[in-house]
Each structure stands twice: as structure tokens, then as C-alpha cells.
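Model the full assembly from the supplied sequences, consistent with the hints where possible.
These are the residues of each chain, in order.
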Amino acid sequence: MADIMTLPEGAPEEIITRSLVREVDLGAFGHKGSLVLITLDNGEDHNRPNTFGAQSLASLDAAITDALSRHPVAIAITGKPFIFAAGADLSALGFLTSREQALAIGKFGHDVFRRLGEISVPTFAFINGLALGGGLEVGLHCTYRTLASTAFTGLPEVFLGLVPGWGGATLLPKLIGPERAVQVIMLNALNNNTMMKAKDALTLGVTDAVFEPADFLERSIAFAAAILSGRKKIERIDYTNDPNWEKALSTGKAAALKKYGGAQLDAPTRALALIADARTATRTSGFDAEEATLADLVMNDSLRASLYSFNLIQKKRKKVEGAPKSSLARKVSKVGVVGAGLMASQLALVMVRNLKCPVVMTDLDQARVDKGVAWVHEELAKLVEKKRMTPEGAHRLTDLVTGSIDQAVFANADFVIEAIFEELSLKQTLFTHLEKIVSPECVLATNTSSLSVEAMTQGLQHPERVIGFHFFNPVAVMPLLEIARTSTTDDVTTATAVSVGKDLKKTMVITKDAPGFVVNRLFMRFMGEIIDAMDEGTAPDVADNAMRSIGFPMSPFELLGLVGPGVALHVAETLHDNLGPRYRISPTMQRLVKEGVKAFYIKGDDGKYFANPAALALVEKGTNSSSSEQVRLRALTALAQEARMMLEEGVVSTPAEIDTCMLLGAGWPMVLGGILPYLDREGISEAVTGKRFHPKGVACLP
Amino acid sequence: MSRSVVVVDAVRTPFGKAGSLYAGTRADDLMVRAVRGLLERNPQINPADIDDVSIAAATQTGDQGMNLGRSVALLAGIPNTVPGYSIDRWCAGALTAVTTIAGSIAMGAYDLAIAGGVEHMGNHPIGEGLDPNPRYLAERIVEQDALAMGATAERLHDRFPTLTKERADRYAFNSQMKTAKAYAEGKIQRDLIPTAARSAELGWGIATVDEPPRPATTLEGLAGLKTPFRPAGRVTAGNSSGLNDGATAALLASQERAQQLDLPIKARLVTFAFAGVEPEIMGYGPVPATIKALSKAALKISDIGLFEINEAFAVQVLAFLEHFSIADDAANVNPFGGAIAVGHPLASSGVRLILNLGRSFEEHPEVRYGITTMCIGLGMGGTAIWENPHYKAGK
Chain H
1 MADIMTLPEG
11 APEEIITRSL
21 VREVDLGAFG
31 HKGSLVLITL
41 DNGEDHNRPN
51 TFGAQSLASL
61 DAAITDALSR
71 HPVAIAITGK
81 PFIFAAGADL
91 SALGFLTSRE
101 QALAIGKFGH
111 DVFRRLGEIS
121 VPTFAFINGL
131 ALGGGLEVGL
141 HCTYRTLAST
151 AFTGLPEVFL
161 GLVPGWGGAT
171 LLPKLIGPER
181 AVQVIMLNAL
191 NNNTMMKAKD
201 ALTLGVTDAV
211 FEPADFLERS
221 IAFAAAILSG
231 RKKIERIDYT
241 NDPNWEKALS
251 TGKAAALKKY
261 GGAQLDAPTR
271 ALALIADART
281 ATRTSGFDAE
291 EATLADLVMN
301 DSLRASLYSF
311 NLIQKKRKKV
321 EGAPKSSLAR
331 KVSKVGVVGA
341 GLMASQLALV
351 MVRNLKCPVV
361 MTDLDQARVD
371 KGVAWVHEEL
381 AKLVEKKRMT
391 PEGAHRLTDL
401 VTGSIDQAVF
411 ANADFVIEAI
421 FEELSLKQTL
431 FTHLEKIVSP
441 ECVLATNTSS
451 LSVEAMTQGL
461 QHPERVIGFH
471 FFNPVAVMPL
481 LEIARTSTTD
491 DVTTATAVSV
501 GKDLKKTMVI
511 TKDAPGFVVN
521 RLFMRFMGEI
531 IDAMDEGTAP
541 DVADNAMRSI
551 GFPMSPFELL
561 GLVGPGVALH
571 VAETLHDNLG
581 PRYRISPTMQ
591 RLVKEGVKAF
601 YIKGDDGKYF
611 ANPAALALVE
621 KGTNSSSSEQ
631 VRLRALTALA
641 QEARMMLEEG
651 VVSTPAEIDT
661 CMLLGAGWPM
671 VLGGILPYLD
681 REGISEAVTG
691 KRFHPKGVAC
701 LP
Chain L
1 MSRSVVVVDA
11 VRTPFGKAGS
21 LYAGTRADDL
31 MVRAVRGLLE
41 RNPQINPADI
51 DDVSIAAATQ
61 TGDQGMNLGR
71 SVALLAGIPN
81 TVPGYSIDRW
91 CAGALTAVTT
101 IAGSIAMGAY
111 DLAIAGGVEH
121 MGNHPIGEGL
131 DPNPRYLAER
141 IVEQDALAMG
151 ATAERLHDRF
161 PTLTKERADR
171 YAFNSQMKTA
181 KAYAEGKIQR
191 DLIPTAARSA
201 ELGWGIATVD
211 EPPRPATTLE
221 GLAGLKTPFR
231 PAGRVTAGNS
241 SGLNDGATAA
251 LLASQERAQQ
261 LDLPIKARLV
271 TFAFAGVEPE
281 IMGYGPVPAT
291 IKALSKAALK
301 ISDIGLFEIN
311 EAFAVQVLAF
321 LEHFSIADDA
331 ANVNPFGGAI
341 AVGHPLASSG
351 VRLILNLGRS
361 FEEHPEVRYG
371 ITTMCIGLGM
381 GGTAIWENPH
391 YKAGK
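Residue numbers (my numbering), protein chains in the order written: chain H, 1 to 702; chain L, 1 to 395.
There could be a bad hint or two in this list.
Claimed, not checked - As a list, the in silico DSS-like pairs of lysine-lysine whose alpha-carbon atoms are at most 27 Å apart: (1) L:K226 with H:K32; (2) H:K233 with H:K382; (3) H:K334 with H:K502; (4) H:K32 with L:K392; (5) H:K233 with H:K197; (6) H:K382 with H:K334; (7) L:K226 with L:K165; (8) L:K178 with H:K32; (9) H:K319 with H:K334.
These are calculated hints, taken from the structure and not from any lab test.
The structure is reproduced here in C-alpha cells:
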């Protein structure tokens, strides 16, 4: 015990969540005796939720002992305003150096929490606000739970590469049955960490009652008094012989495979094993299994990479590396979008939804303009249908989006973004023309994915206001925005672009103006190697499945189907021209585009995907076939090479920027740390570039 | 046109000492709690049918600002179709909320409404943010003493030399004893809405009883207290109400609506009156207000069987009793004790008097009429005369 109270070396000081003890006389609630109410409070406001580190657990342990010494009729636990508890203090987890430490933390959590389920009096969790992970697990140990109607709850462990290891994986299936437990522990966590609303938690049986926040505590105590006096009864079901265990577990397994493109990752697999075990496990055997699982995961590079990714995403969301002072930003109260195609329309939609200012679209002819504007208007109407926007909100925004074939409508715009065809000369002509219309301060942004932004400024009077503003498809969903500065882009323009990006709620990475910026450059390099391997003679399915085991959300060819061979080929050609022959132009891809074959996989009548014979027929038939392992190594090698070049060229300043881009722009999984931690731990970085990207101990075990 | 107005129910939060029980609780949250408690106790009322929410506070800024009536209605989860307003007559705020709502019901505009009041004197110390016009003193519109309530109480002692400190202390002692007895008999707790109160140091707690009462008070102890308002004065912390936090709420209805909905009736309003006196002796206000109200109701003081008088200061109660020749220790005056014991969160107190009177009516079917009365800063008094719905003639 003593040694877990000492912080591992390098870990930040624990912000201690104290457990405060007070008695409540139940007389006023119609029951004799007193209830001891424990309040979890770390002394900070709601922006810094309660968490459980070693000292916080010790405080709760002492509080339970104190509570029992007062001979209460019940013990209840609640949180500080708006927050119950957000779970284990993860900040120290990444610094543990031995399995014994990891085991001890798991065990200490169990030892403290399980008292709430095993002491002689009934216990209640009054979950007044956010309860995540260990925060919800505290509640699961209690005999009964109430929940504020506005509180979100969830078990995000599997999302983070962990398992609910302080009782959740064992107690929840016993409480609510296999199907619902799989929903909460697996499906919600894997679905981008979806939290439960109070009504969902009630339906699922996670909580016994829901009360409005205005008098949540008073009503919760009244609920407790009603239970204690027998006026209210909560029935529990024994799920041991529930017929749905197998089905639930296979649902969970399928969801995990789908999420990680067919890869079987540790955390979901181990979580499912614990859920399966919960059917017959005793509390003790279940908790022991949880501890062993936690220790295994904690002493594993994948978890370290996940925690690194999680922290990176949190940090980058708030702070844009290399951004000029935000006070430099100009106000944007009118936006122009050049083009009215699908990408341009998506840009118009995201702009109007977040900036709530006039957005005007232009295109070559009225029909295209009308189509683009109509698309935005329809999307707004759909949001109303889905109840994600009020009708009046949609009216307001609908009126703000207009179109014209005359670019003169951009005259008083503050920010014009182009999304026209990816052809440098067209964009140069466009910007030269726009400069005659807009003010000298108006930002001219380009959503180019692979062209040189600097080249677009040629001949401009004010090249300093041109900037790359690169979104990812689908624009509304993908969180990343690459902001590319040319050698002349000034700070005011960059600050304005960052300010717009902030309003769009994007995570931004500022890059040098280099072809493909970060995501496309790395991604196309990687994709190119797979396609090359196929063109050289590797069977398409071998090439495409070579990366399955590492957990990308889709295989390269699945993604190709989504992007479209036309776009992919065009980007590849641009990068080939600008970065060199390592970006090859695949004859297979050229034939696919020429023949109008859109995908390697097509959906059969039974709803299952199968290899598209039309595509297979066009594949270049080389004679030099590679094994799956060779393809994998080759692709990863290319990634390491390219990433090193990018850092050396100063495309971005740190490896963390590259990881951020791959996490948020390519959707690469947190267990890879984006990508560079994975290349480091596989030894590829050192083998290919002579050194690691991150120091040992960052995003991996020390 | 005029219709009968009844009190259906009244509740309050437990009262706290300023800076203590509710130091970590907002005033509007206290008021919300009282309103929600009131509605929870009366589930046959559809909140959407409430015509208005009138909430009093003496200091209407910060957590007592933002048009408290509307704000509390929204925060309490009453449908946003129900309007609300804030109202102020200093200590008689809640009483004025009741009489104003009653007027609206009587004239037929409303059928069902909430009236209440709150004062968080910890968050809003008495006199906070006041900016008295210099003309008050320059033109002798009032004397300096008029602006400090303790000083006005001393002035009452000056005005009526028979009202001695000893009588005031004894009255205060009795108030504490009556409150202790009422608590022991469970007569106060039944109308208190348990209220969550958080302290950053202690965590969440639930207030279920008033914090201010001092059942261990002794006459000797009272005699030895300092007189903070003047040297050798007579007004002490012991024979005055304290600085308190709390909220009250009452449900009012037209008699027809109450009968339609089969609602209980605690009291029927006969009439009310407000009256002014010299601001220096504001504690005398209940006397002219009561004379005026009795006259409107064509009743005599002897028709009044129960009195709930706010105990801002013992001397102010004594001045009232002496004027009407009622004994200092009359059993029908504040039978459950008063503000000296339970506290006086300024604008909230009016409804506390009404809820006590309603409870006394239940115990005394032989009494037909009762009054609630209180003094008001800057020289006023307010009195409401109530009829006992349980009255049985001849008992």
C-alpha cells in the first residue's frame, strides 16, 4: 500500500479529490436515523472534474471508515456541483514502471470501492453530474443509484485502451445483463466514446431513478429514505442464465473488429473476456481478473500510446502550435466560397453553421450555383428534421446562404475560400481576379489538398493574405484543419484563419506550405506503396490486407472506394510532380479512372462486400509478388522515411504535430499514437531513419 | 367583482445564520427550493395553470436580481408560459407579494398564483448598495437614526419609556422558549422544505431545521449582551432578530378555484392595509397598519383571536401589544415563537407569519380571525387580516 501512495517518477502531483463526510437526519424524510453523505470534491471548479488517484482513494477509504463509525442507517456518495467523478486519475498511469505498481493501483481501487457494496448498511450513489469510468464504477459498487436528469455517464475505458477495471466489467453485466453491458462497455465506448444521457442510463438499468437537478440531492435522499423504510423496492434480476450472453459477446466482438478494420486489439478483447467471466464470477474472482487485465494493459505500449493520443488530442484542441497572438485576428462577418460543388457546399454549410454570418457561393453557371445553395438549404432542413437545429435557427442560417455567378458579391467579404478544381493555373487566375474585387485585408484561403499555396500567390498585390485552409472529408465530421502558411503569409492572416478554425471547432495544425501538407503526403505515400506492391504482382487482397492487424479503421482499398480513384490519382499525380518519383503513378489507377471503375469492393445482393471483378481485371500484372509481411514493412518504412523528411523540411515543428494530423485527419487509431509511436515501438523508425521520433518513454513503456 | 382569496399552502426553507448554513448556496436557489417544495406538496396543481409568480427581495441585485420572480419560475422548472415579477417593500416584501397577488385574484385577473420572498443576508448585507439621497438628512426629511434599523428600535424605547430592556429581554426569552417547544412538538419542521446546502469545506448537507434558534438562552445571558447601537442602549443581538438567509413561498387561489380543485384552505384573506409612521420609529408601523385594516374590515381588535407579528425587535412587538392592551406573554401572540428565535431573512418573513397563522387556525377552530403584521424600514407597517377556514361558531 505504501508504495502506491508515492507518485511514480515524473508523474504530475495528484489533484486530490477529498471525500467529505456529513450526516443527514432522515427524520424530515420519513425515516428514523441518519444517513452519512460523502461529498467528492477536489476543490476546483467543474472544468477540473473529480478524479481518483491514490490519495483520493485513501480519502474515500477514510471517509467510509468515518461514516461507519457514526452508525448510520445508510451511506451515500455524491459529487461537487455539476460533477460526480470523471474516473481514475490517468495522469500517473503513463508513468508506472512495474506490473506490481499497476496491480497495486487496481487492487487499491477495488479494496476501497468494494466496501460500498460489502459493508453492513445499504449504500447509495447520488450521481449529480458527470460520471465516467471509475466515477461510474464507484456508483456501481453502491446498492442503489440515482442520477441527475442532465448528467452524462459512461465507461470510456475501452475507448482509451483500458477496461473498466475497478469493478465495472464485473458488476455492470451482473446488474444489467450481457446485452446492455456490452452496449455500455463496448459499443458506446467504441462509438467515439458516446456517453449515456440520463434517460438512456435509466432504460439500461444503470441507475434506479432520475431526478431533475434543481433539487436532485433532496429528492435522492427522499428516494433513499423510501427504500430504507420499505416504501419503495427495486427488483434486481439474476442474469446468470440469461440466454443472450453469447449473442451479446459476439456483438461486442464484431463492433471492435469493425472499429479497427478487422484488427483484434487488446483492450476490447480483454474487456469482452471480463464481461463473459462476469456471468459466473464471484466479486472477488471478477475483481482479481480485472486487476490482472489492467496490469497487463497498463504495462503495454498500446495503452501508453493511447494515453499519449488522448492527451495530445485534448491539448491540441485548445492550443494551436505556432499560432500568432489571437488578438491579431480580424473579424470575419462575411464569407465567400468559390465553387458550389460538393466540397464547396460542405464548406459553406460548416461556415454558416458556426460563424452565423452571410456566406455567399459562386460558380460558373447559375445551375451549379443553385444546386450548391439548395444543397446547403436542404442540409439545414435535415438538421431540423433530426431535431439537431430549431426551425428558427435554420431560418436564420438559410437566409444567410446565397449564391451568384458574379464574383462581385465577394466585394465586402472578409474571408474567401476557394474549392474549385485542383489545377494551379485556374487557382492563380482566380486569385488574381478576386484581388480586383475584395479589400486588401480580405483573407484568400484555399482548400487545396496538394498544390503549392505559394504558387497561387504569384503576381498578387497582397500575397500576405493568402493561406492554405485544408479540410478533411466529410467536413462536418473530421476534426482536423491543416493551416498552411506560405513564406509571405502574415501573422494577421494566420491569426484570422486560426480564429475562423476555432469558431468551426476544428483542431488545427499549422504547416509549412509543402505539397500534401501532412495528412495527404503521408497517407498517399503509404497508399502508394500498397498499390505499387499490387502493381508489381502481389495479389490485391494480400496487398490490401497487409495492414489489417495494426488497427486502421479501413483497409487502403476500402478507403480508395470512399475517396474515389479519380481524386486519389489526381493527388498522386500532383505529389509525383512536386515531391518526386517516390510518389508513383499507378497504371492500375489510371485504368480504373479511364474505365470509370469506382471501387475495389462492391456490395453484393446479400449486403456483403466482395472484390469487384471489373477492378481486378484492370490490375497491372507484375511478376514480383511480395508477402503480406513484406508489404506491411514496406508501407511502414515509407511512412517513417516520409515523416522524417517532413520534420527535416520543417513542414511541421514536432513529431506530435504529425501524430495529431494522423489521429484527427486520417482517423488512425489512438493505440498507434497517431503513427510515429507505433513506428518507434516496432523499431522501424530507428531501422529506417537512424533514430526514434519520440524519446523512449513517450507514448511507450519506459 | 371582488372574489375571495385563500392561501392554499405555504412553506419555507429552514432559515440559516448569515455566513453559515447557506454561505455556499445562492439566494435564487433557496427561493427555487421553496417553490419546488411547495409544488411537490401540492401535486394536484398543474404548474402551467399558475397565473403569476411574485417574489420579493429587499436587495434586488446579483443572485437576488434579474427579475427574481421570472427567474425563479424558470429555474424551478415551471413552464415558461407562466410569468413572474419581483417585488420589494423591504421587510414586508413577501407580505406585499401576497397582498398584490391577492388583489389580482380579487379583481378576477388571476385564479392561482405563487407569492414568496427570499433574503440572503450573507450575500446581501443589509444596506448593501444603498445610496440615500443627501436630501434626507440635509432637509431633515428623516433623522439619521431612520437609516439604521437598530437605532429605530432604540428610538422606540425612547418614545415609550415603559417598554424597558427587561421587558424586551423577557419577550425575547419567551420567543426562544416558544420556538423550542414548537420544535419539540414538531410544529415547525412540518412546513420546512429540506434544502441542500453545500459548503466547500464540509461538502453537501441537508438543512432540515432552522439554524438560528438558541433554546439554551437564559434571561441572565440576555441581560449581559452588548448594546451595539448606542452606549447604554437597550437593543441587543438577543432581543432582535438576526441576520439570516431563507426563502418562503405561498400558493394563493381564488376561493372558487380552490374549491374546484379540491385544494385545502389554510386561511382566507379578509383585508389588508399598509400605513406609514415617522421613519425614526419604523417599529411602530404595525399599530397604524392594524388600526387601518381593522377599520376596513369593520372589526375590532377584540375580534382578533390569533396574532402573528414579526419580531424584528422585541421592543417593536411590545409597542404593538401595549398599544392594543395585550399582555407581553399572551398565548395567542406568536404561539410558535418568532423571528427573534427562528430568524428574519428580510423580504421572506411575511409568508412565514402566514404559514404559522394557518397552522394556528387548525389548532383553534374557536378563533375566527387572525392577523399577520410587521414593521417595515423607513417607517411603515403592514397588516393582513385572515379568516379561519376551520372556524366553528360556538366552540
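Results of checking the hints against the structure:
1. L:K226 with H:K32: Not OK: K226 of chain L and K32 of chain H at ~41 Å, beyond 27 Å, violated.
2. H:K233 with H:K382: violated (44 Å)
3. H:K334 with H:K502: The hint holds at about 16 Å.
4. H:K32 with L:K392: violated (37 Å)
5. H:K233 with H:K197: holds (24 Å)
6. H:K382 with H:K334: Roughly 24 Å between the alpha carbons, so the hint for K382 of chain H and K334 of chain H holds.
7. L:K226 with L:K165: Within the cut-off at roughly 12 Å; holds.
8. L:K178 with H:K32: Distance of about 25 Å is within 27 Å: holds.
9. H:K319 with H:K334: Within the cut-off at roughly 25 Å; holds.
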